[in-house]
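Colleague: Residue numbers (the working numbering), protein chains in the order written: chain A, 1 to 547; chain B, 1 to 122.
Quick caveat, the hints were computed from the structure, so don't treat them as lab data.
Mixed in with the good hints, there may be bad ones.
Calculated lysine-lysine pairs in the DSSO-like style (CA-CA distance at most 30 Å, straight line) [as the list claims (entries may be wrong)]:
no.: 1; chain 1: A; residue 1: Lys521; chain 2: A; residue 2: Lys147
no.: 2; chain 1: B; residue 1: Lys28; chain 2: A; residue 2: Lys367
no.: 3; chain 1: B; residue 1: Lys56; chain 2: A; residue 2: Lys147
no.: 4; chain 1: A; residue 1: Lys540; chain 2: A; residue 2: Lys147
no.: 5; chain 1: A; residue 1: Lys147; chain 2: A; residue 2: Lys367
no.: 6; chain 1: A; residue 1: Lys439; chain 2: A; residue 2: Lys363
no.: 7; chain 1: A; residue 1: Lys35; chain 2: B; residue 2: Lys56
no.: 8; chain 1: A; residue 1: Lys32; chain 2: A; residue 2: Lys147
On the chain B side, residues computed to face chain A include the following (Cβ under 7 Å) [to be verified]:
no.: 9; residue: Arg18
no.: 10; residue: Gly23
no.: 11; residue: Asp33
no.: 12; residue: Leu34
no.: 13; residue: Glu37
no.: 14; residue: Ala44
no.: 15; residue: Arg46
no.: 16; residue: His62
no.: 17; residue: Thr63
no.: 18; residue: Ser67
no.: 19; residue: Ala69
no.: 20; residue: Val70
no.: 21; residue: Ile97
no.: 22; residue: Arg101
Pulled from the structure, derived: some chain A residues nowhere near chain B, Cβ distances all over 10 Å [stated by the list, open to error]:
no.: 23; residue: Ala75
no.: 24; residue: Thr85
no.: 25; residue: Glu415
no.: 26; residue: Glu461
Every residue gets a Cβ at the ideal spot worked out from N, C-alpha and C, and that includes glycine.
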Amino acid sequence: MENVHILLIEDSAIQASVIEQQLATSPTVHFKVTKALTLADGLRRFTDDHVDAVLLDLNLPDSSGLETFGRTLAAVGQVPIVILTSTDDMTVGARAVEGGAASYLVKGQVDASQIIRSLRYAIQRHRAEHAEWDSPMFHLAQQQFLKSAQIMGLDDNVRQRLLFPQRTMSVTLPFRRDDYQYVENVFGYRVQHVLTMGPTKGGVRYHEDVDLGEVAALAMWMSWKCALMHLPFGGAKGGVRIDPTWLSRNEMQRLTRRYTIEIIDMIGPDRDIPAPDMGTNEQVMAWMMDTYSQQIGHSVPAVVTGKPVVLGGSLGRREATGHGLVYLIEETAAHLRLNLEDTTSVVQGFGNVGSNAAHFLDKLGSKVVAVSDVSTGIYNPNGLSLSSIAGHIRENGFLQGYPDGDAVTNAEMLELECDILAPCALQNQLTSANAGRVKAKIVAEGANGPTSLEADEILNERGIFVIPDILGNAGGVTVSYFEWVQGMQNYTWTLDEINDRLHKTLHVAFQRALDRTTSDKLDMRTAATIEGIDRVAQAKLGRGLFP
Amino acid sequence: MNESPTDDYVISFSEAARRIPGGIDGVKQMLPDLMQECTQQLEAVRTAFAADDADKVRLGAHTIKGSAAVFSAARVASAALEVEEIGRSGNLDAATIAIERLAAELDLLGQVTAGDPGRQQN
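Start from the sequences, fold in the hints, and give me the full structure.
Modeller: This is the structure:
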C-alpha cells in the first residue's frame, strides 16, 4: 500500500477528525495526516517534515479566502494543494485552480472517495510533471553505463546515443472500475532503448512507483542483458503506474486491454515483444496477446512471451529467472571452489524469482536459512522448509505469522550470516549504509538494480563475489527468447531441451564476463556490462548512420 | 455566489452517513463533538459581536456552516450562512436576530440528535 503524508490545515477540530477518518477508508493508500488549526501552524509544520500534499481550508483564524491559498502556495512551492472549503463560490474556485490549486472541493458536497481521489490524482500529476526522468533508478543505470563507457573508451557518439532510449511512449489511459460510475485514469509507458539489433524485448510492470525514468532504466539494462546473452534483441520495458493489488480480475483485464491498445503501434512479434514483470503474470500476457490478435485478425502468440503454455508459452518460462540465477550461483561456487551442499543461503523476496531461486538452491543442497516477502522476513539458522512456507503463503497471502523461524526485517536479512545472499525483491537494497555489514561470500542479484554504485565498490573491496543483475536475472529473458523462437517456428521444445539450452547460454555468458574480469582487471558487474555495451556498440557501428 | 442551503430539514442522517465513515452509527458517535464545537463557535460569534468585530463574527459563523454542512444539518448551515454574510458585510446592525436564530437552530439540532425523533427528518 502506498504511503502518503498529508498536511491538513483546518480550523475545525470536528471537520479535521471527519476528514482524517475519511482518508483512513482508502483501500489503496495509507494516509498519514498532520493536522494544523491555523495557517501559521500549518506552514511551520510543513517545514518540519516531508509532505506529499496539502489539504487546505481557506477560512482560518489567521487568514481568509484566496489569501490563504496564496500564502500557502508561496510557502510549499511545488507540493500540490487540494482546497477543501465550505465556500461554494465558482469564482473563488476558478481563481484558485487557475492559480495552481490541484482541485477545489466544497465541504458537504464531496464524500470520502472524492477527497481521496483528488489527493491521489494531485500527487500523481505532480510526480508526472516533476519526476518523470528524475528517477533514482535511471540515474543509477546511466551512472553504470557511463562508468563502463569510460573504462572501455566507448566512442562518444555512440555513448551519447545510448544514454537515453531511442523511443519512448507515454500515455494516459482510462479504465472502468467494477463500481461502474468510477473511471480511473492512469499513466502508462513503453520504452525501446536500442532498435539496432532486431525487435526489442522487455517486461511490463504494474506498480505504483513506475515512471518514465524507471522504465527507461529497465529498458537500458535489458539492452545490455540481451547483448550479454547474445540474444537478437534490443532492450525495452513498459509499465503502468498503478498498485495492482487493489484491482479485481476484471479491472486488471480492462486495464491490460486498454494499455495494449494504447501501445499497439509499438509492439509486434517483429517489433517489440512484452513479457511479465512486477505486478503482471501469464494471465496478463494472455490478455495482451488476445487484444493484439483481435486487432490484427488472427492469433499472434509470438507478440508476447511468458504467456500460458496452452497459448504457446514455453515450458520452464515461469521458473526461468530463479532457475537461471541458481545456475549462475553454481558456476560461481565452482569458480570459488565452494561446495553448495556446505553453504547457507538468504533469499530476499518470495515472488516468482525469489521463491524459485530458494527452491532450486534448496534442491542443490544449500541450506536456505532466511526468506522474506513484503510483510516480513523469516530466519531459522537450522534451515527453512520451503514447502511449508509456500503452504503458509497460499493460505494467508503473506509470510507474516509463519511459525517456524524468527521474524527479521528485510533490512536485517541482508546482514545475516550466510554464504549466498540473493536479493530478489526491489531495487536499491544494498547501499553504502549496509554493504559493509554484508557477511555473504556471494551476492546473487535476482532483482533489477538492488545494489547502489557505492555499495558495489564496497562489496568488491571486501572480496564479495557479485553476480550482477544483468547476468543474474537473465534466465527470464533467455527462456523468453526460446519461447519467441518456438512461437515464430510453431515448434515446441521439451523442458529438458529448454533447461539444457538455458544452462549452456548462461554458462557461456558467465565465462565471457568472468574472463573479462581477469583480462581487463574489472569487477563482475562492469565486465558484464561492458560485454553487453560492446556488442551493442559494434552493432550500431556496423549498421552505420542513416542517412 | 451559491451559498444558500435551501433544504429545510434539521439533519439528514442518510446523507451525512454517505460522507462520514461508520454509517449512521458513525454520525451519531460524532454528534456530541459537533454540538460542542458549534456551541463554542457560537460563543465566539457572540463575543465578537459584542466587540463589534465583524470579521470574527464571519469566521465563527463560517466554521459552524462548514461543520453543519458535513453533517447535513441544513437549518444550522443556513442560519450560519446568514450570520456569515452579515459579518462579511461589515455592518452588524442586523446580527442580533440572525445570531439568535442560529442559536435556536443549534438548540433544535441538539434536541433532535439527543433523541427526539419526532423532529428528525430523513
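Colleague: Look at each hint and say if it fits the structure.
Modeller: Quick rundown of the hints versus the structure:
1. Lys521/A x Lys147/A: holds, 14 Å
2. Lys28/B x Lys367/A: violated, 58 Å
3. Lys56/B x Lys147/A: Outside the cut-off at roughly 64 Å; violated.
4. Lys540/A x Lys147/A: Distance of about 20 Å is within 30 Å: holds.
5. Lys147/A x Lys367/A: Distance of about 36 Å is beyond 30 Å: violated.
6. Lys439/A x Lys363/A: With a Cα-Cα distance of about 23 Å, the restraint between Lys439/A and Lys363/A holds, given a limit of 30 Å.
7. Lys35/A x Lys56/B: holds, 22 Å
8. Lys32/A x Lys147/A: Status violated; Cα separation ~40 Å.
9. Arg18: Check passed: Cβ of Arg18/B comes within 5 Å of chain A, closer than 7 Å.
10. Gly23: violated, 11 Å
11. Asp33: This interface hint holds because 5 Å falls under the 7 Å limit.
12. Leu34: holds, 5 Å
13. Glu37: holds, 5 Å
14. Ala44: It is violated, given that the least Cβ distance between Ala44/B and chain A is near 10 Å, above 7 Å.
15. Arg46: violated, 17 Å
16. His62: holds, 5 Å
17. Thr63: This hint holds: Thr63/B lies near chain A, its Cβ roughly 5 Å from the closest one there, short of 7 Å.
18. Ser67: Holds, because the Cβ-Cβ distance from Ser67/B to chain A comes to roughly 5 Å (cut-off 7 Å).
19. Ala69: With Cβ-Cβ at 3 Å, under 7 Å, it holds.
20. Val70: holds, 6 Å
21. Ile97: Violated - the Cβ of Ile97/B stays beyond 7 Å from chain A, reaching only about 23 Å at its closest.
22. Arg101: At about 19 Å, which exceeds the 7 Å cut-off, the nearest Cβ of chain A leaves the hint on Arg101/B violated.
23. Ala75: holds, 21 Å
24. Thr85: violated, 7 Å
25. Glu415: holds, 41 Å
26. Glu461: Non-interface label stands for Glu461/A: nearest chain B Cβ at 54 Å, farther than 10 Å.
In summary, the numbered hints that this structure violates are 2, 3, 5, 8, 10, 14, 15, 21, 22 and 24.
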